[in-house]
Amino acid sequence: MTAKENTVSDVLEDKKYKYGFKTLIESDTFAKGLNEDVIRAISHKKKEPEFMLKFRLKAYEKWLTMKEPRWPNVHYPPIDYQNLSYYSAPKPKKKLESLDEVDPEILRTFEKLGIPLDEQKKLANVAVDAVFDSVSVATTHKKKLMEVGIIFCPISEAIQEYPELVEEYMGSVVPVGDNFYSALNSAVFTDGSFVYIPPDTISPMELSTYFRINTEETGQFERTLIICADNSYVSYLEGCTAPQFDTNQLHAAVVELVTHENAEFKYSTVQNWYAGDPETGKGGVYNFVTKRGKCVGNNSKISWTQVETGSAITWKYPSCILQGDNTVGEFYSVALTNGHMQADTGTKMIHLGKNTKSSIISKGISAANSSNSYRGQVKVSKNATNARNYSQCDSMLVGDKCSAHTFPYIESANSSVQIEHEASTSKISEEQLFYFEQRGISRENAIAAVINGFCKEVFKQLPMEFAVEAQKLLTLKLENSVG
Amino acid sequence: MLEIKDVRAGFDGTEIIKGITLSVKKGEVHAIMGPNGSGKSTLAKILSGHPSYEVMSGEVTLDGQNLLEMEPEKRALKGVFMGFQYPVEIPGVNNAEFLRMAYNAKRIHEGQEELDPLDFDEILTEKMKVLGMEQKYKDRSLNEGFSGGEKKKNEILQMAILEPKLAVLDETDSGLDIDALRVVANGVNKLRNENNALILITHYQRLLEYIQPDFVHVLSQGKIIKSGEKGLALELEAQGYDWLTTTH
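Here the protein sequences line up with chains B and Z, keeping their order.
Oh and the first sequence: position 387 is 387 in the working numbering, straight run, nothing missing.
Oh and the second sequence: position 200 is 200 in the working numbering, straight run, nothing missing.
The hints are simulated quantities; they were obtained by calculation from the structure and are not laboratory data.
Heads up, a few of these hints could be off.
[Unchecked claim] Computed list of lysine to aspartate or glutamate pairs in EDC-like fashion (alpha-carbon distance at most 16 Å, straight line):
hint	chain 1	residue 1	chain 2	residue 2
1	Z	K25	Z	E229
2	B	K427	Z	E144
3	Z	K74	B	E444
[Stated by the list, open to error] Short, incomplete list of chain B residues facing chain Z, as computed with Cβ under 7 Å:
hint	residue
4	E431
5	Y435
6	R439
7	G440
8	G453
9	F454
[Stated by the list, open to error] Chain Z residues, not near chain B, derived (Cβ > 10 Å throughout):
hint	residue
10	G10
11	G19
12	G27
13	N36
14	L118
15	D121
16	L131
17	E134
18	K136
19	K138
20	G149
21	R182
22	N189
From a predicted model like this one, the values you see are computed outputs, not experimental measurements.
All C-beta atoms in this analysis are idealised placements derived from N, C-alpha and C, irrespective of residue type, glycine included.
Take the sequences, apply the hints, and build the full model.
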């Protein structure tokens, strides 16, 4: 019986959001409010070249003319953008020359989160860029990657070291005025990751960025830019957590990907931001994210896999622009909502090139009082001869106070295309769980089996360790939700 | 092995079973017959611990232990198996994997090592052969899209894998054509031995042509109104339930 007792106590211990702690460090935080001076100050703080400041100011100007989108199926009180701080960085004790000089409190924080950064303990096959509030604090395996010509560094560093690449690509996939949040991000972003995979290169390891919001009332504006040159391949992982606060934190990220000829890029996310109090719905992260990839070169491929388990509100549509001929876009998603969480998530597949293919597999699980919407657009332009799309959207309801919605949009200007859409809704029932229990299988294992069965097409896309983590995470999050 | 003493039980506050006492010993097969609504399925549900059913009074012990205090999972691990009347469909969960989970849960409970999929597959393949079941059952989702007969055969397969001490088969014969009925009955007969016991809940005498019971009990309006040996079933078949309910 020991094995079983262990699981039960593990489950009990993990019931609360276990990443909800705050790290006490001295930080350099801007006063609340947003205006041109704040943007100039951010740019100055980051020692940015002129073009970057111009980019920011242009975005800010645009943002001032824009309105927060109201079309998503989520509800929240208006955000006071003047009541947020737009920059917060851990105060360095002195200038950082190596990892040994990173504040040990921060290293401990990442270790507690399961991301050891120091040289002895760092993960062997994954290079990690750790972003703490507004700045990147450490990037591992940098040298090893450099040997094959791969650049993996904080974007703030890339802006100084590789300004031509940044200037060429930033905003080329998500233009500054694309939407309200991307405009805000373009104006005030502080850090994120930059990746460049040179031609004919297959990355020797997975790349990964880990985001941690620590300070209350700070917005985190992550900016990530990834470029895959001809015939290259990389798989990239992203993880996120935040402490438990009664107020809401804003995370408005922009991620841009570009793949050139024959390049292949795989982006996997496990998002576990604090979701707010499960009973009252108080607090939690507003996750308003624009993620988009552009298959510029022929025969290139972009694949998004996301497992969304946290955030009070999620507004996120990782998308693919299939510009080159024979390009492929994929979107695999599991979105779990529980407590009072609200998610409006999905994808856009824009077919521009000939023989372009896209597939969408979306699995929504809603429990308790939550609301879970899939919103997806498939758009085929008139030149996209023989484009193909397959979409499958499945929803699972746990309990009877939650809701699931599906909003598919299909637009086609070419008659040679083939578009298929399938949708289903199911429910975990008490009767199903009883069936497992009657065969001696615990309730936890039963829920895990049903959920894994429901999500398996998505999980099999994730790197092995990530898939195991994702399965555990979902099971924990659904504990006590059934029956 | 199983002692049921003056049990009253029901659903949603309504008493359906109104005082049942029954004793089942190792090696015995008891058939419980009765018209619809007599409380047959309720009896199966309370033995397995279905959360929607409630025991208002009385005692049930398995090898001297209070069964009613145990969670359904624990009852199963102690060797109580219920063959469901309507096995639920569980999409996405592979049948073989489900069987392995159940088998391993039992092994862990008994302090043995879990079996990996390959080792388990040997056992599964063998059991399926013995039962005369097609191997295609392995790779399908649990009960999903199974015909009525396939679902019942799958219940018997689970029983064969778990080798329960006490199996309660709730109307396993209902909705089966004659071939499926033979497979099911044949399976059950192969699993019978002097160390286990079986409670067959059925509406019709038909099943008892294939599985010979040691005792037959007739349930009506929540009470056992007559008990006897297997000849009772034949009498019932010939004369109908009214014969008992009106004279009672």
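Tested hints:
| no. | hint | result |
| --- | --- | --- |
| 1 | Z:K25 x Z:E229 | 15 Å, holds |
| 2 | B:K427 x Z:E144 | 14 Å, holds |
| 3 | Z:K74 x B:E444 | 14 Å, holds |
| 4 | E431 | 5 Å, holds |
| 5 | Y435 | 5 Å, holds |
| 6 | R439 | 4 Å, holds |
| 7 | G440 | 4 Å, holds |
| 8 | G453 | 2 Å, holds |
| 9 | F454 | 5 Å, holds |
| 10 | G10 | 18 Å, holds |
| 11 | G19 | 25 Å, holds |
| 12 | G27 | 23 Å, holds |
| 13 | N36 | 21 Å, holds |
| 14 | L118 | 19 Å, holds |
| 15 | D121 | 18 Å, holds |
| 16 | L131 | 17 Å, holds |
| 17 | E134 | 21 Å, holds |
| 18 | K136 | 19 Å, holds |
| 19 | K138 | 15 Å, holds |
| 20 | G149 | 18 Å, holds |
| 21 | R182 | 25 Å, holds |
| 22 | N189 | 22 Å, holds |
Consistency with the previously given hints is maintained throughout, with no hint failing.
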